[in-house]
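Trainee: Residue numbers (this note's numbering), protein chains in the order written: chain D, -19 to 353; chain L, 104 to 327.
Since the hints were derived computationally from the structure, they do not count as laboratory data. Just to be clear, a hint being listed does not mean it is correct.
As the list claims (entries may be wrong) - The calculated lysine-lysine pairs, modelled on DSBU-like cross-linking and capped at a C-alpha distance of 35 Å, are:
hint	chain 1	residue 1	chain 2	residue 2
1	D	Lys151	D	Lys216
2	D	Lys151	L	Lys257
3	D	Lys306	D	Lys264
4	L	Lys310	D	Lys14
5	L	Lys310	D	Lys320
6	L	Lys207	D	Lys10
7	D	Lys216	L	Lys207
8	L	Lys257	L	Lys207
9	D	Lys131	D	Lys152
10	L	Lys310	D	Lys13
11	L	Lys255	D	Lys76
12	D	Lys117	D	Lys306
13	D	Lys213	L	Lys310
14	D	Lys131	D	Lys216
15	D	Lys76	D	Lys117
16	D	Lys165	D	Lys213
17	L	Lys310	D	Lys10
18	L	Lys255	D	Lys51
19	L	Lys287	D	Lys250
20	L	Lys284	D	Lys213
21	D	Lys306	L	Lys310
22	D	Lys320	D	Lys336
23	D	Lys104	D	Lys117
24	L	Lys220	D	Lys250
25	L	Lys303	D	Lys344
26	D	Lys151	L	Lys303
27	L	Lys287	D	Lys320
28	D	Lys298	D	Lys344
29	D	Lys(-16)	D	Lys335
30	L	Lys207	D	Lys343
31	L	Lys126	D	Lys173
32	D	Lys76	L	Lys126
33	L	Lys303	D	Lys264
34	L	Lys284	D	Lys14
35	L	Lys284	D	Lys151
36	L	Lys255	D	Lys216
37	L	Lys257	D	Lys250
38	D	Lys76	L	Lys287
39	D	Lys213	L	Lys207
No experiment lies behind these values; they were computed from the predicted model shown.
Each chain, written out:
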Amino acid sequence: MELKDINLTQNPFQDITPSREGVEIWAGLKEQKKQITNIYSNAFDRNYRQVVLNWGPVGGGKTHAAFYFYKNKLRELGISDNQIISVYVNLPREGKGAGIETVRGIFDQIRVERIIDDLNTLSKEKEENYIVNELKKEITSSEAFIDSLVKLVAPKNNLFGNQQGLVQIFKKYIYDGINTNDAKKLGIARSLKTMDEYVSFLGLVLKALTLGEQKHVFLWIDEMEDLLYYSGKEFKQYSQFIRNLTDSVNKNMTTFLNFTLTEGEEDSIKHLLGDAMWSRIDSKVRFRDLSVEDVVEYCTELISFYQVDKNSEFPLSKQVVEYIAKNIPASSLIPREINKVFRDYIYFILENDIKKPTINDVKKWQFERQSVT
Amino acid sequence: MVCVIDACSYIYLNQHSFTIAGKDYTLFSLLDQLITIRQSEVVGQEILLASESAIKRNNRNYKFKRRSLAEYDNLLFDGTIGSSSKDAGEKANLAVCIDMFKYKNNSQIVFLSDDLKAVKSEDKLHTIYDAFPYFPLWTSFEVILFIYHVYKRKGFTSDLARQTLQDLISFHSNIRHEGLKAQKNRLDINNDQFAQNVQKLQTWQQKTKRMYTERLDIIEQVNS
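The following block holds chain D by itself, in its conformation from the complex:
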């Protein structure tokens, strides 16, 4: 029997761990979706910077949320695609140089080509020296780096004579450092060396990209719990990195920090992240264990995305979903574990040619599962 024979285009529960494919779908977890949507919406209403902590158990949907909001633009909120600069990075696994690696990861995601194009377009649209003048309004901005940025993207300074050349030299600047000769030709005084310099330069680029029409940067940093692998000094440096980055881009940027808390309540996170980072957090979104009702809602919504005939309740009726959900241990009522159970059940009904599964079929499946384990 094939999936279409049980009214499905594909197994809805196939992805145990979030993948960037299929992230157009959001099922269940209504409260979390609403909260994050509001954060996106408010970001444009009040253009200040904000730091959001998403926290909850492993497999609770934080990474899926990051992928979903990274990929899905918010046209229904009246926000156009080019108003959003979406960035998703993982916390580097190695603590040494983690801040600089994150900065480079952010540049990779935004793409140097886009930075050059957008800033040149902005320069053409506005009066002369618009970008420089706007960036200099902030006393925290380093004039040397403003100068570097403007020279790096200016077509007239292109050492190689084509668009690719501009990209190449910009990438050299942020990855390898440009050599003295090229620096002289471009008139760039300073290279990037320390983490603070990388953050200052990135901050300027993000500020420049959000100049002109209303734009906003949404930065997602996933797996923040891996900070506990860092040594004390590295931990402190990364906290400083987050502080410096959010301080240097003091408007038009929202940073989401995804943190898996294995047990305990919100207060525990303060101990784990430390005061320096905790004090920067403006709001929190909790991804919690689901109730049986939540599981039913999550599963039926997810199944409906993949049904051939959306008016039918098959392959799984509400009673069947509810029966399976009630038999999942309370500690496993999180999307990842739910996906595992329902994925296996879908395979069972396929293998056993069951077109309209009943609770009795579920019992048979449970018995077989227990016999195997």
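Given the coordinates of chain D, work out where chain L should sit on it, guided by the hints.
Mentor: Chain L only, in chain D's frame:
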């Protein structure tokens, strides 16, 4: 006060250095300034294998007063220290504690071991440890609490205490994570087991950090 240290703890306490008033320290070197540190000869050998310079600088091997280590070994451990069994270091250190308490009139003895599996296991070592309830069991984490309490005014600040706490968590975690990766690469464990074990490791990290941060907060109230 005397601290009887095992090889694991010696290594952990010497992993990271920090500066106080322009001088470099490790948790071990600071502890060494504050209290007497002793070890059994067996542990001395284990440390020597791990770090050759360690013993040459300062011999901390304990000299037994009346009974020899071999006698304690026969009386309590069925000769398993001599046969270099697992946990030989912990067993020999326990003999040091018992001897020191009985014959050197030292009542403030700390048994410092990061191999809690050995000390808290269900086997004979655990039973014997419980028979002499005079030696509080410390891990490297307790060393941080102790130093913070007694040395804060001399420069072991709250920041430094929290930094060294994170250092220890990091050191433990990375060793364990590397071990799990090696097991996965050898196909001793599958991907699911690897993920479950990493999750257990995360739980340990978070629990440990939370617990000791709370303890540091309590000490801070007394220290301030």
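Trainee: All the hints need checking, so say for each whether the structure fits it.
Mentor: Going down the list of hints, with the structure as the test:
1. D:Lys151 - D:Lys216: Judged against 35 Å, a Cα distance of about 28 Å means the pair holds.
2. D:Lys151 - L:Lys257: With Cα atoms ~48 Å apart, Lys151 of chain D and Lys257 of chain L exceed 35 Å; violated.
3. D:Lys306 - D:Lys264: 29 Å, holds
4. L:Lys310 - D:Lys14: 31 Å, holds
5. L:Lys310 - D:Lys320: Holds, because 27 Å separates the two Cα atoms, which is no more than 35 Å.
6. L:Lys207 - D:Lys10: Roughly 68 Å between the alpha carbons, so the hint for Lys207 of chain L and Lys10 of chain D is violated.
7. D:Lys216 - L:Lys207: 44 Å, violated
8. L:Lys257 - L:Lys207: 31 Å, holds
9. D:Lys131 - D:Lys152: 14 Å, holds
10. L:Lys310 - D:Lys13: 29 Å, holds
11. L:Lys255 - D:Lys76: 28 Å, holds
12. D:Lys117 - D:Lys306: 59 Å, violated
13. D:Lys213 - L:Lys310: The hint holds at about 20 Å.
14. D:Lys131 - D:Lys216: 33 Å, holds
15. D:Lys76 - D:Lys117: 34 Å, holds
16. D:Lys165 - D:Lys213: 38 Å, violated
17. L:Lys310 - D:Lys10: 30 Å, holds
18. L:Lys255 - D:Lys51: Measuring from Cα to Cα gives roughly 50 Å; hence the hint is violated.
19. L:Lys287 - D:Lys250: 33 Å, holds
20. L:Lys284 - D:Lys213: OK: Lys284 of chain L and Lys213 of chain D at ~25 Å, within 35 Å.
21. D:Lys306 - L:Lys310: Holds, because 30 Å separates the two Cα atoms, which is no more than 35 Å.
22. D:Lys320 - D:Lys336: Holds - the C-alpha atoms of Lys336 of chain D and Lys320 of chain D are around 21 Å apart, at most 35 Å.
23. D:Lys104 - D:Lys117: Given that 35 Å is the threshold and the Cα spacing comes to 20 Å, the pair holds.
24. L:Lys220 - D:Lys250: 30 Å, holds
25. L:Lys303 - D:Lys344: 32 Å, holds
26. D:Lys151 - L:Lys303: 40 Å, violated
27. L:Lys287 - D:Lys320: 21 Å, holds
28. D:Lys298 - D:Lys344: Within the cut-off at roughly 18 Å; holds.
29. D:Lys(-16) - D:Lys335: 10 Å, holds
30. L:Lys207 - D:Lys343: Roughly 69 Å separates the two Cα atoms, so the pair is violated.
31. L:Lys126 - D:Lys173: 27 Å, holds
32. D:Lys76 - L:Lys126: Satisfied, since the Cα-Cα distance of roughly 23 Å is no more than 35 Å.
33. L:Lys303 - D:Lys264: 25 Å, holds
34. L:Lys284 - D:Lys14: 38 Å, violated
35. L:Lys284 - D:Lys151: Judged against 35 Å, a Cα distance of about 33 Å means the pair holds.
36. L:Lys255 - D:Lys216: With Cα atoms ~20 Å apart, Lys255 of chain L and Lys216 of chain D stay inside 35 Å; holds.
37. L:Lys257 - D:Lys250: 27 Å, holds
38. D:Lys76 - L:Lys287: Within the cut-off at roughly 25 Å; holds.
39. D:Lys213 - L:Lys207: Violated. Lys213 of chain D to Lys207 of chain L sits at ~41 Å, over the 35 Å cutoff.
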